[in-house]
Amino acid sequence: MLSRVALPALALTLTAASPAYAEIVKLHGHFITEHNATSHPLGEVSAKLDTKKNTLSYHFKYSHLSGPVNAIHLHGPASVTEDAGVIAPVNGPYTGQSRGTLQLTPEQVKDVQDGKTYINLHTARYAEGEARAQLER
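Residue 61 in the numbering used here sits at position 61 of the sequence shown, with consecutive numbering throughout.
Don't take each hint at face value.
Claimed, not checked - Pairwise CB distance ranges (calculated):
1) H35 <-> P89: 16 to 24 Å
2) N36 <-> N70: 29 to 37 Å
3) T38 <-> D114: 29 to 37 Å
4) S57 <-> R125: 28 to 36 Å
What the hints assert, rightly or not - Here are the computed lysine-lysine pairs in the BS3-like style, where the Cα-Cα straight-line distance is at most 30 Å:
5) K26 <-> K53
6) K48 <-> K26
7) K110 <-> K53
8) K48 <-> K116
9) K53 <-> K116
Worth flagging that the hints you see were computed from the coordinates, not collected in a lab.
Glycine is no exception: its CB is placed at the ideal position from the N, C-alpha and C atoms.
Just need the whole structure built from these sequences, with the hints factored in.
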């Protein structure tokens, strides 16, 4: 009888003592035109979201835009068909590829997990954004 009570109690103790682990979420996206841009952008984003550190590490490449990129941002929250405000800037130089890590708030991490964020490439001709890549699992 003691073993019937002791075993479940031990299992409950071991479960409660387990440390919290970060979830590493792998994300990707392909650049498409937006805001009636006439260019044909090529490129893709790969990213990893660390839910314990609240960081988004990214790497992306892009080409075939109307001109040089003058700003890149992470935007959200927004679905694929919506625009949203800037969450964080992506630092240059803007040379056709970028790699780095962004610090996010817990709310922004949730937006990334829910597929409600995108990388936006801005050029002189399309100041509101020429191409975007929605971050998805």
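Each hint, compared with the structure:
Under the hint 16 to 24 Å, the C-beta atoms of H35 and P89, about 19 Å apart, fit the expected range. For the pair N36 and N70, the supplied restraint of 29 to 37 Å is violated, since their beta-carbon distance comes to about 19 Å. The hint said 29 to 37 Å for the Cβ distance between T38 and D114, and at roughly 31 Å that hint holds. Checked against the hint of 28 to 36 Å, the pair S57 and R125 passes, with Cβ atoms roughly 30 Å apart.
As the CA atoms of K26 and K53 are separated by approximately 15 Å, the hinted pair is consistent with the 30 Å bound. Using a Cα cut-off of 30 Å, the hinted pair K48 and K26 holds, with the two alpha carbons roughly 5 Å apart. The straight-line distance between the Cα atoms of K110 and K53 is roughly 13 Å, inside the 30 Å bound, and the hint therefore holds. At most 30 Å may separate the alpha-carbon atoms for a hinted pair to count; K48 and K116 meet this at roughly 15 Å.
Between K53 and K116 the alpha-carbon distance is near 19 Å, which keeps this suggested pair within the 30 Å criterion.
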